[in-house]
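Participant: Sequence:
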Amino acid sequence: MRKFILIWFGQLVSTIGSHMSEFALTLWAWQLTGSATALALVGFFSQVPRIFISLFAGIIVDRTNRKYLMILGDGIAAISTLAILILYLIGQLAIWHLYLAALINGGFGQIQQLAYSTSITLLVSSKNYTRANSMKWIVHYGSSIIAPGIAGFLYPIFGLGGILPIDLMTFFIANATLLWISIPQPQPDDNFSQEKLDEPIPLI
Numbered sequence: 271m272r273k274f275i276l277i278w279f280g281q282l283v284s285t286i287g288s289h290m291s292e293f294a295l296t297l298w299a300w301q302l303t304g305s306a307t308a309l310a311l312v313g314f315f316s317q318v319p320r321i322f323i324s325l326f327a328g329i330i331v332d333r334t335n336r337k338y339l340m341i342l343g344d345g346i347a348a349i350s351t352l353a354i355l356i357l358y359l360i361g362q363l364a365i366w367h368l369y370l371a372a373l374i375n376g377g378f379g380q381i382q383q384l385a386y387s388t389s390i391t392l393l394v395s396s397k398n399y400t401r402a403n404s405m406k407w408i409v410h411y412g413s414s415i416i417a418p419g420i421a422g423f424l425y426p427i428f429g430l431g432g433i434l435p436i437d438l439m440t441f442f443i444a445n446a447t448l449l450w451i452s453i454p455q456p457q458p459d460d461n462f463s464q465e466k467l468d469e470p471i472p473l474i
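Here our numbering runs 270 ahead of the position in the sequence shown, where the first position is 1.
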């Protein structure tokens, strides 16, 4: 359970930082464009890759070291945030940059989240599953509540250029916790075949 708590803390901090950036970027985009459509497109580009990647993300997670996938997801998000920060500081940040970042982060974020979720059963005993799952949802819902409040308070004081570096620091914290521990990697199912990939997806 200690390993899970360490990872959980890193993911909580990182998720709060990510939601702070998302909220601050939303404010910045609104100030720049005054368009609700522009804001909606950011969410659209974030969700599109999640839909497609979710079709085979399970295969990737099953056959790849989950620790490395989580580090990769946080690393890609950190690079994306750093790029946005640099563009902002040199006065070149445009709304389409946010669309591109949302597209990239959405795809890698889906894989990272699945790797994190499926690691729970590998790090905690069965008697602690309920507790661990509750903590997992705290990361999801708790950060969504806390982060906008923090970002809303800091944005008028420091602006976008002050909030994005905070997000970058949270990525380093998350990766530091991941590097500190090991996550067991289960053996992939050898019975899985390419034929299963070709099976039609049932429509509801």
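Mixed in with the good hints there might be a few duds.
[Claimed, not checked] Simulated restraints on C-beta separations: (1) S305 x N398: 22 to 32 Å; (2) T303 x L392: 39 to 49 Å; (3) I321 x N403: 18 to 28 Å; (4) W407 x I365: 29 to 39 Å; (5) S404 x G361: 20 to 30 Å; (6) L276 x T400: 11 to 21 Å; (7) L276 x G345: 12 to 22 Å; (8) I329 x Q301: 40 to 50 Å; (9) I360 x S387: 36 to 46 Å; (10) Q362 x F442: 43 to 53 Å; (11) F322 x T391: 41 to 51 Å; (12) L370 x M271: 32 to 42 Å.
[As the list claims (entries may be wrong)] Under the rule of at most 25 Å between Cα atoms (straight-line distance), these lysine-lysine pairs were calculated in the DSS-like manner: (13) K406 x K273; (14) K273 x K397; (15) K337 x K406; (16) K337 x K397; (17) K337 x K273.
Note that these hints are calculated values from the structure, not bench results. For each residue, glycine too, the CB sits at the ideal point set by N, CA and C.
Participant: State for each hint whether it applies.
Facilitator: Structure-based check of all given hints:
Range check, S305 to N398: Cβ separation about 47 Å, and the 22 to 32 Å hint is violated. For T303 and L392, the Cβ-Cβ distance of about 44 Å falls inside the hinted range of 39 to 49 Å, so the restraint holds. Remark: the range hint 18 to 28 Å for I321 to N403 is upheld by a beta-carbon distance near 24 Å. Restraint check, W407 to I365: a C-beta distance of roughly 32 Å satisfies the suggested window 29 to 39 Å.
Distance hint check for S404 and G361: the Cβ-Cβ separation is about 45 Å, which falls outside the suggested range of 20 to 30 Å. Between L276 and T400, the C-beta spacing of about 19 Å keeps the proposed range 11 to 21 Å intact. The given range of 12 to 22 Å is respected by L276 and G345, whose C-beta atoms sit roughly 18 Å from each other. The hinted range of 40 to 50 Å is satisfied by I329 and Q301, whose Cβ atoms lie roughly 42 Å apart.
I360 and S387 have their C-beta atoms about 38 Å apart, which keeps the hinted 36 to 46 Å range intact. Between Q362 and F442 the Cβ separation comes to about 25 Å, which falls outside the hinted range of 43 to 53 Å. For F322 paired with T391, a C-beta distance near 26 Å fails the hint of 41 to 51 Å. The given range of 32 to 42 Å is respected by L370 and M271, whose C-beta atoms sit roughly 39 Å from each other.
This hinted pair checks out: K406 and K273 have alpha carbons roughly 14 Å apart, not beyond 25 Å. Between the alpha carbons of K273 and K397 the distance comes to roughly 16 Å, so the proposed pair stays at or under 25 Å and holds. Only pairs whose Cα atoms come within 25 Å are accepted, and K337 paired with K406 is accepted, the gap being roughly 16 Å. Between K337 and K397 the alpha-carbon distance is near 23 Å, which keeps this suggested pair within the 25 Å criterion.
Restraint check: the Cα-Cα separation between K337 and K273 comes to about 12 Å, which is no more than 25 Å; the hinted pair holds.
Checked against the numbered hints above, the structure violates hints 1, 5, 10 and 11; every other hint is satisfied.
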